Amino acid sequence: MKIRGAGGGNGYDFFINMDNIYLQTEMKGDSKTEPTILEARYRFGMILLGISILDFEENRRKKDNIDNDNGISVNEKISLFTEAISPTLLPMIASLGSSEFEA
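The sequence shown begins at 1 in the working numbering and counts up one residue at a time.
To be clear, the hints were calculated from the coordinates, so they are not data collected in a lab.
For clarity, every value in this text was computed on a predicted model and none was experimentally measured.
Pairs of lysine-lysine residues, derived as DSS-like cross-links and limited to a Cα-Cα distance of at most 30 Å, are as follows:
1. K63 / K77
2. K28 / K2
3. K77 / K2
4. K62 / K77
5. K62 / K2
6. K2 / K63
With the hints as constraints, model all of the structure from the sequences given.
Here it is as structure tokens:
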């Protein structure tokens, strides 16, 4: 996922690869769930993760007075993290909603 400031400080634009191999594999393999539902879960899951990282980094920079994070921008961090989490995002969401969840 890539993000970009929406301009004028009014939020962000999120660019998600909906042709992602992991999303496509889940859509082909999960016959119980509509593809549009899987796409929505993937899209909103990625956006929530991106927003969480943005918020965390903003608060950390304010708290620790950090200007430069070894040359790694928050956009690069988000891109790397979402690339890493992509294979497990939909299975994780599905398991959270299953009735087999143990407390």
